[in-house]
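Once you've looked at the hints, dock chain B against the given chain A.
Taken in sequence, the protein lines are chains A and B. For what it's worth, this note's numbering labels the leading residue of the first sequence as 2, then goes sequentially. For what it's worth, this note's numbering labels the leading residue of the second sequence as 2, then goes sequentially.
You may find that some hints are simply not true.
Identical chains blur together in the list; that is why a pair holds if it fits in one copy or across any two.
[What the hints assert, rightly or not] In silico BS3-like pairs for lysine-lysine, Cα to Cα no more than 30 Å straight-line:
| id | residue 1 | residue 2 |
| --- | --- | --- |
| 1 | 88 | 157 |
| 2 | 132 | 185 |
| 3 | 147 | 78 |
| 4 | 185 | 147 |
| 5 | 41 | 152 |
| 6 | 41 | 132 |
| 7 | 41 | 176 |
| 8 | 147 | 41 |
| 9 | 185 | 41 |
| 10 | 185 | 126 |
| 11 | 176 | 157 |
To be clear, the hints were calculated from the coordinates, so they are not data collected in a lab. Just so it is clear, the structure is predicted and the values come from calculations on it, not from any experiment.
There are 2 protein chains.
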Amino acid sequence: MKRLNLLVGGPTDLWPESLSNGQVVGDFIGIDRGNLHLIKMGIDPVVAIGDFDSLAAEELQLVKEHVSDIRQSIPEKDDTDTQLGLKVAFDEYDADELVIYGATGGRIDHFLANLWMVLEPRFEKYAPRIKMIDQQNSISFFLPGKYTIDKEIDKKYLAFVCLTPMNSLSLYDEKYRLTDYHVKQPTSWASNEFVGPQASFEFDSGVMCVIQSADLN
Amino acid sequence: MKRLNLLVGGPTDLWPESLSNGQVVGDFIGIDRGNLHLIKMGIDPVVAIGDFDSLAAEELQLVKEHVSDIRQSIPEKDDTDTQLGLKVAFDEYDADELVIYGATGGRIDHFLANLWMVLEPRFEKYAPRIKMIDQQNSISFFLPGKYTIDKEIDKKYLAFVCLTPMNSLSLYDEKYRLTDYHVKQPTSWASNEFVGPQASFEFDSGVMCVIQSADLN
Numbered sequence: 002m003k004r005l006n007l008l009v010g011g012p013t014d015l016w017p018e019s020l021s022n023g024q025v026v027g028d029f030i031g032i033d034r035g036n037l038h039l040i041k042m043g044i045d046p047v048v049a050i051g052d053f054d055s056l057a058a059e060e061l062q063l064v065k066e067h068v069s070d071i072r073q074s075i076p077e078k079d080d081t082d083t084q085l086g087l088k089v090a091f092d093e094y095d096a097d098e099l100v101i102y103g104a105t106g107g108r109i110d111h112f113l114a115n116l117w118m119v120l121e122p123r124f125e126k127y128a129p130r131i132k133m134i135d136q137q138n139s140i141s142f143f144l145p146g147k148y149t150i151d152k153e154i155d156k157k158y159l160a161f162v163c164l165t166p167m168n169s170l171s172l173y174d175e176k177y178r179l180t181d182y183h184v185k186q187p188t189s190w191a192s193n194e195f196v197g198p199q200a201s202f203e204f205d206s207g208v209m210c211v212i213q214s215a216d217l218n
Numbered sequence: 002m003k004r005l006n007l008l009v010g011g012p013t014d015l016w017p018e019s020l021s022n023g024q025v026v027g028d029f030i031g032i033d034r035g036n037l038h039l040i041k042m043g044i045d046p047v048v049a050i051g052d053f054d055s056l057a058a059e060e061l062q063l064v065k066e067h068v069s070d071i072r073q074s075i076p077e078k079d080d081t082d083t084q085l086g087l088k089v090a091f092d093e094y095d096a097d098e099l100v101i102y103g104a105t106g107g108r109i110d111h112f113l114a115n116l117w118m119v120l121e122p123r124f125e126k127y128a129p130r131i132k133m134i135d136q137q138n139s140i141s142f143f144l145p146g147k148y149t150i151d152k153e154i155d156k157k158y159l160a161f162v163c164l165t166p167m168n169s170l171s172l173y174d175e176k177y178r179l180t181d182y183h184v185k186q187p188t189s190w191a192s193n194e195f196v197g198p199q200a201s202f203e204f205d206s207g208v209m210c211v212i213q214s215a216d217l218n
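If we strip away everything but chain A, and leave its shape as in the complex, we get (with noise of 0.2 Å):
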């Protein structure tokens, strides 16, 4: 099981404690500036990438002399520099789990664009790999199928976000259930619950978004 961590460029002030706190598993691939929030956590990221446009001069020299694969982007590209972290992490690392930091927060376009990558063709089997993680939500994606999830514990509320249309989905033994619906464009069902430790769940096509989330105090 091969954990494998990406920091995109979102406020820093949406990191979860276990990033802040320098806690996480795994090696990471940094995004353009969040290369240097990595180096400056004591952590080396394994690839950085980025166009690096927006980094001083010396900020780009600290970013080569603690990292030895650096893939200079070039911004008139067809991909982001995330979709590019997307590739490296699975192709080249063939990661089991992805966990993308930063990817909230801030700029919309930039949330909905990485929110939105599991639903292109090249990155839809990856999509159960994926997880993206801020202070109060924690996001992950299923593919067709039925599943039966934990709750976590810092989390109250449990949401299911049809990123697509979707056949048959039922809810098994939420707060709120349920059954054989016929989902017919994009549906943010907010605001549901567990009711024991685990949750049950079943669809049978298009892409779910699962987010686990807490109200902050």
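For chain B alone, kept in the frame of chain A given last:
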């Protein structure tokens, strides 16, 4: 031209300055705790919607003293409070423009539920009248057609966020252009830019979300 505003419960630190400074034009509909924020700013909402479960007794009393039209919702309902807000704004108040504040940040299931309201058949016709504004994002919605939009002076980036598959998308005069492009799945074309003070685009099907955004200093 009747402008209404809706304040929902997202993080207050993401509010745009115009709201924090109390300079927003038009009446407000408050959702749940949003009503308290408004009253504390000296703004009495024309309608207050919510289950108000999370409000202390004296907070609810304050809302009752300041708002004559209170719609108490029940948590186990089909519509979210924000959906109820849309119905009130358009069906009862005939809003020509509805600006939603507090719709971003915090819990992502809430944000996506807010974003995707315009895809519901009952609300789709209102999409062109809805805006969502936060500190660094200005979000608007478009139904099939040809449009020319104005650059907001405090924004740098222009994103074409296809909420659905889409036929014949053309971006005519932006930094990155497209011609008759078939969008196969929800896609956020982030980080495009205006070349001049305006930008033109056209598409034949689906729902387009346009986001103007800025980096945060």
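Going through the hints against the structure:
1. 88 with 157: Between. Shortest inter-copy distance 29 Å satisfies the 30 Å Cα cut-off; intra-copy 33 Å does not.
2. 132 with 185: both (25 Å within a copy, 24 Å between copies)
3. 147 with 78: between (38 Å within a copy, 27 Å between copies)
4. 185 with 147: both (20 Å within a copy, 26 Å between copies)
5. 41 with 152: neither (33 Å within a copy, 37 Å between copies)
6. 41 with 132: Only inside one copy: residue 41 and residue 132 sit 24 Å apart there, 39 Å across copies, limit 30 Å.
7. 41 with 176: For residue 41 and residue 176, the Cα distance exceeds 30 Å both inside one copy (43 Å) and across copies (35 Å).
8. 147 with 41: neither (42 Å within a copy, 48 Å between copies)
9. 185 with 41: Answer is neither; intra-copy 46 Å and inter-copy 40 Å both fail.
10. 185 with 126: both (23 Å within a copy, 17 Å between copies)
11. 176 with 157: within (12 Å within a copy, 43 Å between copies)
In summary, the structure is inconsistent with hints 5, 7, 8, 9 from the numbered list given earlier, while agreeing with the others.
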